[in-house]
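> One-letter residues, chain by chain:
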Amino acid sequence: GENVEQHPSTLSVQEGDSAVIKCTYSDSASNYFPWYKQELGKRPQLIIDIRSNVGEKKDQRIAVTLNKTAKHFSLHITETQPEDSAVYFCAACFYGGSQGNLIFGKGTKLSVKP
Amino acid sequence: GAGVSQTPSNKVTEKGKYVELRCDPISGHTALYWYRQSLGQGPEFLIYFQGTGAADDSGLPNDRFFAVRPEGSVSTLKIQRTERGDSAVYLCASSLTRDRNEQFFGPGTRLTVL
Chain V
6 GENVEQHPST LSVQEGDSAV IKCTYSDSAS NYFPWYKQEL GKRPQLIIDI
56 RSNVGEKKDQ RIAVTLNKTA KHFSLHITET QPEDSAVYFC AACFYGGSQG
106 NLIFGKGTKL SVKP
Chain B
-6 GAGVSQTPSN KVTEKGKYVE LRCDPISGHT ALYWYRQSLG QGPEFLIYFQ
44 GTGAADDSGL PNDRFFAVRP EGSVSTLKIQ RTERGDSAVY LCASSLTRDR
94 NEQFFGPGTR LTVL
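Note that the protein sequences, when read in sequence, are chains V and B. Residue numbers for the first sequence follow our numbering, so the first one is 6 and each next one is one higher. Residue numbers for the second sequence follow our numbering, so the first one is -6 and each next one is one higher.
Looking at chain B on its own, in the form it has when it is part of the complex (with noise of 0.2 Å):
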């Protein structure tokens, strides 16, 4: 089947403006992650979810990322004012359940903030 997907591929914006990130995980996987990759860093956790709800946010740098689930399928993630601080490949990840603990990351979404 397919995997994760995420879009957009690139975001170029400019300091101050508003963007929203969406990720689309394996059908039927109920766990979901963000992560932030920076140039030559590992991936850093963002937020997860477990159905719906956000069971762990504590990766999230500020008041200004938000993430959100309604269904329990797709994810959107939210960026406030943005600042060049937040250039990077984010990353969405899906697992089948909380229990199973693969993670299976998506091709991510490339913010440049100019």
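The shape of chain V in the complex, shown without the other chains (with noise of 0.2 Å):
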């Protein structure tokens, strides 16, 4: 089965810098790839997503990119600010059939010191 491998497991940044996390899966069938923002207590958040027909994805201060080939893909938060510290959780799935259950990262957190 599929297999998500997620690097830093801590990150600390200064407001304004730029944060990037990585993920590898396992699983060349994997064709839709979710991160999600956590906060402390509170529900995951999906912030981003890329389809495997798609290389790179932009959403303002958010970008995520793709390697098929490699299986590995990233998300890059430019212009950091304090409330983006979280965790932050990659994610691999299969959609076809009777599948489509996300596999998960163990999280980054990510801490913006002001």
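This list has only true hints and no planted wrong ones.
Listing some non-contacts, in silico: residues in chain V with all C-beta distances to chain B over 10 Å:
1. L16
2. D22
3. D32
4. N72
5. T83
6. Q86
7. D89
8. S90
9. V117
10. P119
To give an idea of the chain V side of the interface with chain B (calculated C-beta under 10 Å), a few residues:
11. G6
12. R48
13. C98
For the record, the hints were derived by calculation from the structure and aren't laboratory data. Please read these numbers as outputs of a predicted model, since none were measured by experiment. No residue lacks a Cβ here, since even glycine has one placed at the ideal position from N, Cα and C.
Please assemble the complex out of the two chains, which come individually in their own frames, going by the hints.
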């Protein structure tokens, strides 16, 4: 089955700097890759996603890149702000047939220092 | 409209007891997922419903866990003979259809087994 590795487990940056979180996946059939932000005690919130037919997607300060050949994808946050501090999870899944469950990485705790 | 809701928000029970956790998906969402999140980990898939039927229950850890969705909307996760290792946050998510990938999470039920 699918396995998702996420790095780093913790990341500390200064306000205004960029942050990059990387994930690798094992199942080449996976075709959907969302990123979730989870604040302490809150639900995971979808912040951006990418499908396997796209190499890059951007939404304001957030971008995601996908390299299908290498089976890795990354989250890029530019001009970080203190409110970006949270745990970020990548996930992968194959949508098709009876499948659709997300396989999550272990998370990256991002701290943005003012 | 309203997001995914879950009740109760917290449940404390004793080892060996039976518990039921409820999920109300976003209205009109046909796909519903249950995940379990332990401290410091990413959500772990349990079961996926498409309509009333369980399309994939491969994540249920053992036969003490069971879930239903009799009318294709509200779902109940049932845990028999609870064990201390069942303590976790149980998350529910829904998506519009099987082909619309975005999964929206509820706030979770924190289960503590004493």
